Amino acid sequence: MPSETAAKKSDKQRGYRRPHALTDAVTHYCPGCGHGIIHRLLAEAMDELGIREKTIAVAPVGCAVLGYDYWRIDVSEAPHGRTPAVATGIKRVQPDKIVFSYQGDGDLAAIGTAEIVHAANRGENICVFFVNNTVYGMTGGQMAPTTLLAQQTQTTPGGRDQVVHGNPIRVCELLENLDGSTYLERVTVSSPANVRKAKRAALKAFRTQMDGKGFSLVEFLSPCPTYWRMSAQKSIKHIDEVLVKVFPPGVIKDQTGQE
Amino acid sequence: MSANKILMTGNEAIGEAAIRAGVDAYFGYPITPQNELTAYMSHRMLEEGRVFIQSESELAAINMVLGAAVSGKRAMTSSSSPGISLKQEGISYLAAMELPAVIANIVRGGPGLGNIAPAQSDYWQGTRGGGHGDYRTICLGPSTVQECVDLVYLAFDLSDKYRTPAVILADGRLGQMMEPVTFDHLGPPSPPEKPWALTGAKGREQQSIKSLFLDPDVLEELNLRLARTYEKIEQNEVRWDTLQMDDAEVCIVAYGTSARVSKEAMRRARDEGIKVGLIRPISLWPYPYEPIRQAAEKVQFFLVPEMSMGQMIEDVRLAVEGKRPVYHTGRVGGNVSNPKEILDAIRDCCEKV
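Line by line, the protein sequences give chains A and B.
Heads up: the first sequence at position 191 corresponds to 191 in the numbering used here, and the numbers run straight through without jumps.
Heads up: the second sequence at position 191 corresponds to 191 in the numbering used here, and the numbers run straight through without jumps.
Calculated from the structure, these hints are not laboratory results.
Be aware that a few hints might be false.
[Said to hold, decoys possible] When the alpha-carbon atoms are kept at most 27 Å apart in a straight line, the in silico DSSO-like pairs for lysine-lysine are as follows:
| # | chain 1 | residue 1 | chain 2 | residue 2 |
| --- | --- | --- | --- | --- |
| 1 | B | Lys352 | A | Lys54 |
| 2 | A | Lys54 | B | Lys194 |
| 3 | A | Lys245 | A | Lys97 |
| 4 | A | Lys245 | A | Lys213 |
| 5 | A | Lys204 | B | Lys202 |
| 6 | A | Lys97 | B | Lys323 |
| 7 | A | Lys253 | A | Lys204 |
| 8 | B | Lys161 | B | Lys263 |
| 9 | A | Lys245 | A | Lys234 |
| 10 | B | Lys263 | B | Lys232 |
| 11 | B | Lys210 | B | Lys263 |
| 12 | A | Lys237 | A | Lys197 |
| 13 | B | Lys323 | B | Lys263 |
| 14 | A | Lys97 | B | Lys210 |
| 15 | A | Lys197 | A | Lys253 |
| 16 | B | Lys323 | A | Lys213 |
| 17 | A | Lys197 | A | Lys213 |
| 18 | A | Lys197 | A | Lys97 |
| 19 | B | Lys210 | A | Lys54 |
| 20 | B | Lys352 | B | Lys263 |
| 21 | A | Lys97 | A | Lys204 |
| 22 | B | Lys194 | B | Lys161 |
| 23 | A | Lys237 | A | Lys54 |
| 24 | A | Lys97 | B | Lys202 |
In this text the structure is predicted, and so the values were computed from the model without any measurement.
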């Protein structure tokens, strides 16, 4: 389409290069959503490591289910939460390939809790990219296992109440004690500096797998302006001021022996 | 030339047949009465340098199968009734994603936790798809340990050929009993090329395998394509066996263990002068409607012994179309009818007609 070509041209003039591992598709994500940033930095990481042609991803059920439209790699869908089990099946029969699952908080920390815990515990040599935006996006903003206390959602209209709804789950800390997990880091995509840090974590996760060192998970604290009922700008501030207090960023576990 | 025979349980024979069929990966979870199968695979798969995982759940096992299947490999799982209910999620996805896989159900008493004794009460689940959505699964019902071997080997080929999951429906007695079996006649596995497999986008466009089609017209296309596949399966893959149907005035329709018991009841009935014949469905889906339809033209009635309150009987009635009476007999709860009970049922039905 001519308009797309024109847009590309002006991108080029601004020094923007689309990663090869990213398709030309325009994403369906809401304005201000973090998925686009995270998709892109995974694509950059695959390009830089030269692994695009041997990477197979497993898309979750959730907002990122259409991942196959955005990454120029082979992608399988999985039933809700079974994503790490599907990734396990792929990696075990194709050990020379790079396999990652990309999951949201509902997929990974609610319906898929057993699958993620046991994939980590077996030390599956896969990467898990876990996008935590503390809410179910695809289904319309219900409480997620990571929803903050007092956070309003469609199913916690009065705010999440510890007594009624339980507490937000810290996934990295949950997996830390398992002997099978190798590398766990929590990052945010709330500023250019943090996005660069997030990309370094993605690169490290891929390298961990390439070196055959086992299970890695990178948790991205990511904005959901639509279901946080905030502007995109305020959502970014919300990550830095509120989310990080419950989900502190940083390396939770590192047994990679890498820098 | 006498074949090289080994004494094996049905469960172990199913495992060895899968290995002979070239299964690349087996994923299982403990449940009685199929544990010998998972235990057998736990050492044989490793001996063969193939993949074995004891998964954390049935859900995980079937989805590991899905992962191996999207990779273009031959994959298998097995379980028994309550575990199969859990696997139904993944089986629906396998069907939707047009993926081959073999699932063995060593059926036990139900519903619920039921018990660990043999049953045939998962017939509907095995032959009607079992999970959500508009799909079928190939469903094969062995009645001997040798047939377990032959049908597992066949299941891998059919599943690959039609890109749809195949279920082995064997009751717990078949899983547990030992009989001499041979594998000599099984050729080397010959899985087809799978250009659709996800192996990395090297030298080609990216590929994806999915079951989400938000546009109703696109999902309808999938539903219609699946229907065409099922039609082909119905045309080409119906299998059954008959015994003494030539002069039969009474037709027993039975599969699996019920068919074995029925044969003895039949022999005794013939000693008494009642001309009983047997149609034994081997493929439970696609179902052998035609031979039953033909039998309806000449026999007086049908008797369907099942280890359930009557599930396959619905298929017999579909074939008979009301032309002849169709009666049920059987024990449930993990019980198996003995020949005398079936013979009594034959006599009772003769009086009714």
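Do the alpha carbons of Lys245 (chain A) and Lys213 (chain A) lie within 27 Å of each other, as the hint requires?
Violated: Lys245 (chain A) and Lys213 (chain A) sit about 30 Å apart, past 27 Å.
Given the hint that Lys352 (chain B) pairs with Lys263 (chain B), does the C-alpha gap stay at or below 27 Å?
Judged against 27 Å, a Cα distance of about 22 Å means the pair holds.
For the pair supplied as a hint, Lys197 (chain A) and Lys97 (chain A), confirm whether the alpha-carbon distance does not exceed 27 Å.
holds, 25 Å
Hint consistency between Lys97 (chain A) and Lys202 (chain B) [alpha-carbon to alpha-carbon, up to 27 Å]
With a Cα-Cα distance of about 11 Å, the restraint between Lys97 (chain A) and Lys202 (chain B) holds, given a limit of 27 Å.
Does the structure keep Lys210 (chain B) and Lys54 (chain A) at a Cα separation of 27 Å or less?
holds, 19 Å
Hey, Lys210 (chain B) versus Lys263 (chain B), does the alpha-carbon distance stay inside 27 Å?
violated, 46 Å
Pair hint Lys97 (chain A) and Lys323 (chain B), alpha-carbon separation not exceeding 27 Å:
violated, 59 Å
Given the hint that Lys245 (chain A) pairs with Lys97 (chain A), does the C-alpha gap stay at or below 27 Å?
Violated. Lys245 (chain A) to Lys97 (chain A) sits at ~37 Å, over the 27 Å cutoff.
Is the straight-line distance between the alpha-carbon of Lys323 (chain B) and that of Lys263 (chain B) 27 Å or less?
holds, 25 Å
So if I understand the rule, the pair passes when the alpha-carbon distance is 27 Å or less; does Lys194 (chain B) with Lys161 (chain B) pass?
Holds, because 10 Å separates the two Cα atoms, which is no more than 27 Å.
Lys352 (chain B) and Lys54 (chain A): Cα distance at most 27 Å?
violated, 69 Å
Lys97 (chain A) paired with Lys204 (chain A) [C-alpha distance capped at 27 Å]
holds, 16 Å
Consistency with the previously given hints fails for numbers 1, 3, 4, 6, 8, 10, 11, 16 and 23, ordered from lowest to highest.
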